[in-house]
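Peer 1: Below, each chain spelled out in residue letters.
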Amino acid sequence: MTSTLKIEGLRVEVAGKEVLRGFDLTMHSGEVHVIMGPNGSGKSTLAHALTGHPGYKVLDGSVTIDGVELLTLSPTERARHGLLLALQQPLEVPGVRPLDLLVAAGADPTNLRDRMRAEAERVELRPDVLDRFVNVDLSGGERKRAEMIQLAILRPKFAVLDEIDSGLDVDALGAVARRLSMATTEWDCGVLAITHFRRLLNELTPTMIHVVSGGRVVATGGPELSEILERDGYEPFRTPQS
Amino acid sequence: MKLFADSASSFIADRPDAAARHLAWSAFEAEGLPVTSDEVWRYAPLGDLSLDRFRVAREPDRFADSPFASELCSRAGLVVRVVDGFCVDAGTAPDGVVVESVDSPRSLNGDTLLARYASDTFALMNAALAPASTVIRVAPGVVVDQPIVVLNVTNATSSFPRTMIELGRGASATVVEYYEGGAEALVVPLSEYAIGDNASLQLITYQRLASSAWHVARTTGFLHRDARLRQAVIGMGGHYDRSRNDAEMLETGSENELRTTFLGSGSQVHDFRTHQFHKAGRSRSTLLSKGAVADDSRSVYTGLIEIEKGAKRTDARQTNHNLLLSPSAHADSVPNLDIRENDVMCAHASSVGPLNELQRWYLESRGVSRDEAERLMIQGFFNEMLTTLPAELAQLVEADVTSILATVRVVTP
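As they're listed, the protein sequences go chains A and B.
Just so we're aligned: 32 in the working numbering is position 32 of the first sequence, and the numbers increase by one with no gaps anywhere.
Just so we're aligned: 70 in the working numbering is position 70 of the second sequence, and the numbers increase by one with no gaps anywhere.
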């Protein structure tokens, strides 16, 4: 069944400042949408607001998956409705093991360890990381690969990836992008990837690119948009700041 | 305290080393019970402590292993059973290990217990009233593969267990000291660990006494050249749970890693004290103290790092984190440093606060419910303490902690 993630008129305030100012985006299962934009354009705010991060205040708008409004739900319920956020800097949770996290998140415990190992292999992550506490003492690249294991086990309808290429070397970026790419066919995962680098697109073919500036989408198009960005930068897309 | 004193003097009169015990008892009487105006006893509910509720046991009461104790013992290579302070079963020690019950007034550092613990009223009680020292000796060079479990059960109204563990040069062992029972009882353990040159002791003290017990424990590690002591102390039970854990780095290259943790609920008080005493250079200590207090419970952490003049290139680190699980719970953290040498590395950090909101959100955003996220994080406090344990033991203790956590109410601000 095809699912639809719909963001309409989303306005979000951070520390008293309105950062998202009427954000719209619609995407479907199996698609890859890439959000690009300069620093401060509101990209990360979008990711955090979608999952209900404390400190991000939604002023107005709607986010639905298949018609179910997410913004009134707790972060837990949003995840259980099929939305998973992979963070720019995945947090350390000392004392909590990845397996226990996944079981508590609702993963089927049957053969879970084996499935996690297999997924670790697919993103070229040393299996002993699975026995460490969540993200503790992992490098930036290891953390992102570890989040791909969460993704593969939890199989969300939509994965939101915040700055997935920051702090990653080429190998890690390739591994993460390939895993995401496979997810789009394996369980029809919709991927919403936020980035301000173009190099991600070499590994992950977008269905659509959205350029964000001043807290809203200012241009939407196919892969050709990235060529314009490559040539001219974000300048042609800038909107006057209020 | 006549009734308790009478039972003490009739107990002492029957012991072969009555003279030494009399001296310790007199010192205890002279010292008297502490008062809350004394800073180090400020948080103890001393008003609830009437010694006449207790009697000194003349022989061990009957006992049966609890389900947890049975599980623990099934994972051990050697089980030593101590009931009401009496060693009732020394087990079958593997080659190179000796377990014996020794009537001796001596500390492992060579002094008499009386001299060593001259101003510690509860340690003096133990010096006078422990039925004997349960001594576990590992011969030089012997590596004990399977964990040794010392099962301490208190069925009487008081117990004074005394454990002495000695590792010869190059020896290595894992020991679990487990305490249970103690309903309405006074439990005063005294333990010492002497670790020879290049020997390594991994130790876990798991205190799971009844919530009505008074528990006043003291442990000391004596570390020789390149010796290693990795110690984890977990306090769950007790009405008042006081645990003082000291390490003396006597010779160069010695290393102490101490992890202490507790969970307070109801009106419990957990009172943790540490003293890392660096007497020689190139010695290292790492201390991680983490605790959680729920309901109306409170905790105190007081830690002293002391570095002797001349103990060059010592590295000492102390971290204390306290988790408040209810608005009426309270935690105090008092780190202290006494450094008499310049060429050292020393750091300390402490915090008191509720569960980390961002970590909780991170778990929630994976689909974990708030309650589950909080339990995972609190459980995580304890899991961190167990990382050095053999996996089968760590799993057992973790599962036990989980079952206790399930009964604790978390109130977030």
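Any given hint might turn out to be false.
[Unchecked claim] Label pairs and their in silico Cβ distance ranges: (1) B/Ala64 to A/Val136: 27 to 33 angstroms; (2) B/Leu337 to A/Arg117: 55 to 61 angstroms; (3) A/Glu227 to B/Ala347: 41 to 47 angstroms; (4) A/Asp137 to B/Ile404: 54 to 60 angstroms; (5) A/Asp137 to B/Ala391: 16 to 22 angstroms; (6) B/Val143 to A/Asp131: 20 to 26 angstroms; (7) B/Leu33 to A/Arg117: 47 to 53 angstroms; (8) B/Cys346 to A/Gly221: 57 to 63 angstroms; (9) B/Asp89 to A/Pro109: 48 to 54 angstroms; (10) A/Arg199 to B/Cys346: 17 to 23 angstroms.
[As the list claims (entries may be wrong)] Partial list, derived from the structure: chain B residues whose beta carbon lies under 8 angstroms from chain A: (11) Leu51; (12) Val102; (13) Ser104; (14) Phe381.
These are calculated hints, taken from the structure and not from any lab test.
Values in this document were obtained by computation on a predicted structure and should not be read as measured data.
For each residue, glycine too, the CB sits at the ideal point set by N, CA and C.
Peer 1: Each hint should be assessed against the structure and marked as holding or not.
Peer 2: Results of checking the hints against the structure:
1. Taking the beta carbon of each, alanine 64 of chain B and valine 136 of chain A are about 41 angstroms apart, not inside 27 to 33 angstroms as hinted.
2. Roughly 45 angstroms separates the CB atoms of leucine 337 of chain B and arginine 117 of chain A, a value that falls outside the hinted 55 to 61 angstroms.
3. Checked against the hint of 41 to 47 angstroms, the C-beta distance between glutamate 227 of chain A and alanine 347 of chain B comes to roughly 52 angstroms, which is inconsistent with it.
4. At about 28 angstroms, the beta-carbon gap between aspartate 137 of chain A and isoleucine 404 of chain B misses the expected band of 54 to 60 angstroms.
5. Between aspartate 137 of chain A and alanine 391 of chain B the Cβ separation comes to about 19 angstroms, which falls inside the hinted range of 16 to 22 angstroms.
6. In this structure the hint that valine 143 of chain B and aspartate 131 of chain A lie 20 to 26 angstroms apart at CB holds, the actual value being about 24 angstroms.
7. A C-beta distance of roughly 57 angstroms is found between leucine 33 of chain B and arginine 117 of chain A, which places it outside the suggested range of 47 to 53 angstroms.
8. Distance hint check for cysteine 346 of chain B and glycine 221 of chain A: the Cβ-Cβ separation is about 59 angstroms, which falls inside the suggested range of 57 to 63 angstroms.
9. Aspartate 89 of chain B and proline 109 of chain A have their C-beta atoms about 39 angstroms apart, which leaves the hinted 48 to 54 angstroms range violated.
10. Between arginine 199 of chain A and cysteine 346 of chain B, the C-beta spacing of about 45 angstroms breaks the proposed range 17 to 23 angstroms.
11. Given hint, leucine 51 of chain B at the interface with chain A, is violated; its Cβ is 39 angstroms from that chain's nearest Cβ, farther than 8 angstroms.
12. A cut of 8 angstroms between beta carbons decides the hint on valine 102 of chain B: the least distance to chain A is about 39 angstroms, and the hint is violated.
13. A cut of 8 angstroms between beta carbons decides the hint on serine 104 of chain B: the least distance to chain A is about 41 angstroms, and the hint is violated.
14. A least Cβ separation of about 6 angstroms between phenylalanine 381 of chain B and chain A falls short of the 8 angstroms threshold, and the interface hint therefore holds.
Violated hints for the displayed structure, listed by number in ascending order: 1, 2, 3, 4, 7, 9, 10, 11, 12, 13.
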